[in-house]
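Participant: What follows is the residue order along each chain.
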Amino acid sequence: MFVGTGRFRLYAAVAAGSFRRFATYRIATVAGVFTNTVFGVILTYTYIALWDEKPGLGGYDQAQALTYVWLGQALLTTVAVMGGGFEDELMARIRTGDVAIDLYRPADLQAWWLAGDVGRAAFQCLARGAVPMAFGALCFQLALPGDVLTWLAATLAVLLGVVVSFALRFLVALSAFWLLDGAGVSQVAWLASTFFSGMLLPLNVFPGALGEIARALPWSALIQVPADVFLGKHQGMDLLATYAFQAGWAAVLLTAGRLLQAVATRRVVVQGG
Amino acid sequence: MAELLRHEKGQAGDLAGPGRLADGVPDRPLDRARDGLRAYRMIAAMWIRSTMAYRASFAMTAFGNLAATALDFVAILLMFSQVDALGGYRLPEVAFLYGASSTAFGLADLAIGSMDRLGRRVRDGTLDTLLVRPAPVLAQVAADRFALRRLGRVTQGLLILGFALLALDVTWTPLKVLLIPLMLVSGAAIFMSVFIAGAAFQFLAQDASEVQNAFTYGGNTLLQYPPSVFGKDLVRGATFLVPIAFVNWLPGLYVLGRPYPLDLPSWAAFTPPLVAVACCALAGLAWRAGLRSYRSTGS
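Read top to bottom, the protein sequences are chains A and B. Here the working numbering is used: the first residue of the first sequence is 20, the next is one more, and so on. Here the working numbering is used: the first residue of the second sequence is 2, the next is one more, and so on.
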């Protein structure tokens with residue numbers, strides 16, 4: 020029990036430190052908010068044109084579609100759709116051999132980086148998510164949920180999305196043990212997550228089998244699922260099933276990460292030693 | 002150290018250039034431009050040689066660049082799998098606007114796309130190294146980390162432009178044919194001026210490199226759709242404030258035979274070269290002002 024609380028305090032401290040670290044770059048944050056807002060405005064107009072042409076597309080009315088746009092901008096950095104979280108840093112540590120020091124620490128490698136990534140996500144959700152969302156709500160007709168419970172439900176879905184995203188990027192980072200330069204893998208991961216997360220276009224709008232496949236893949240847990248929870252598309256048992264979908268992918272991918280890590284650490288040769 | 006650097010910067014910015022140092026030719030703007038281009042060519046060639054040391058890696062990253070930039074068009078294709086027209090424009094017409102904007106932006110990105118790293122150089126003090134070299138700083142920063150893989154975006158833009166030109170139902174006149182290369186070159190120059198102005202802004206706000214993404218990548222996204230999709234104010238802003246509408250909207254709509262949402266005379270379709278020159282001049286002034294205000298971190 021004592022060990023348990025000690026562990027928890029360690030990871031909480033890592034998460035808090037990561038939150039503060041990202042909060043240091045205020046001008047970069049303001050710049051990011053500005054850019055997210057500009058993209059939000061551009062996408063809003065294209066969605067208005069699309070939903071004018073075909074009302075009710077993907078089961079959304081226009082207000083819901085526009086809410087989707089601004090949620091996407093809010094979650095873009097939170098769930099690190101385009102990467103840019105911890106994985107570049109971990110890959111660099113693997114390449115230089117610094118990862119040996121990480122493995123030497125009395126903390127779990129995966130849990131350490133997960134805690135850091137959750138801290139980062141919390142900051143970016145608050146700083147880079149809230150302001151563009153407020154701007155969108157002021158300038159356009161959005162469908163924001165009226166009750167607190169839906170907001171809470173959506174927050175949990177976002178948290179699970181962050182964990183799934185982390186688990187995917189952890190696998191990407193570990194590829195550096197074999198490839199040393201993970202740029203190619205990062206790029207493929209970036210492509211897949213931009214396309215299949217629903218960042219490009221809601222997955223409900225994808226035609227036929229492509230849509231079915233896209234909605235079953237783990238990336239849908241990043242944007243599409245939290246957005247649908249926010250828009251109140253999942254209620255009651257359906258909501259639980261949705262969480263189970265996210266948690267299931269998180270468990271599978273985190274386990275895969277642990278297995279890969281075990282294989283990697285058995286063959287790691289620290290460079291320059 | 003700071004004193005010395007200011008002194009050196011004055012020299013690098015105002016007087017020196019390879020030509021000047023080598024043969025004592027008086028410093029005229031034309032000579033400076035020639036020196037700059039020469040330095041740019043040499044640095045870019047160096048980066049190309051270093052890229053080509055790993056040919057397989059180059060081929061993969063160039064293909065990756067092509068695939069990544071094609072995602073925008075995949076989104077448009079997915080939209081058109083559900084509807085027949087967007088803002089009153091059919092797929093070949095949107096593809097034409099997309100191809101033109103993507104090619105112009107791709108050319109600018111290929112030429113000077115690494116300039117958004119300037120903020121990092123200011124922050125870690127490595128800009129000082131560029132200031133003491135006898136070559137125009139703008140040329141050095143523009144050619145820094147010249148990434149040939151960015152041909153991927155240009156290729157992708159040209160492919161879609163080619164598809165659009167085949168699929169379009171337009172009565173071609175010599176003027177319209179001439180307008181297409183003119184549009185691509187002027188558009189690239191307009192986007193380059195946005196890159197340079199963005200870099201100049203980073204002298205003031207080093208961490209704000211993302212702001213320029215709103216105008217470069219954001220502008221490119223905006224131009225991929227017909228102007229009838231957007232609100233009047235946004236179109237006004239893109240025409241008169243940051244005049245990216247001259248990249249492909251105005252000339253492109255003339256080719257397509259469509260009216261521009263704002264009341265502009267039809268000869269406005271032929272003004273992109275003038276707009277490009279004016280934008281580049283303004284961006285050049287912004288760059289000078291930015292460089293003059295630069296103070297080294299001193300570390």
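FYI, nobody ran anything at the bench for these hints, they're computed from the structure. Fair warning: there could be bad hints in the mix.
What the hints assert, rightly or not - Cut-off 25 Å, straight-line C-alpha distance, at most; resulting in silico cross-link-like pairs (SDA-like, lysine to any residue):
1. B:K233 with A:Q160
2. B:K233 with B:P93
3. A:K73 with B:G232
4. A:K73 with B:R35
5. A:K73 with B:R146
6. A:K73 with B:K177
7. B:K177 with B:F271
8. B:K233 with B:A69
Participant: Compare the structure with the hints numbered earlier in the document and write down the numbers of the violated ones, lowest to highest.
Facilitator: Of the numbered hints, 4, 5, 6, 8 do not hold.
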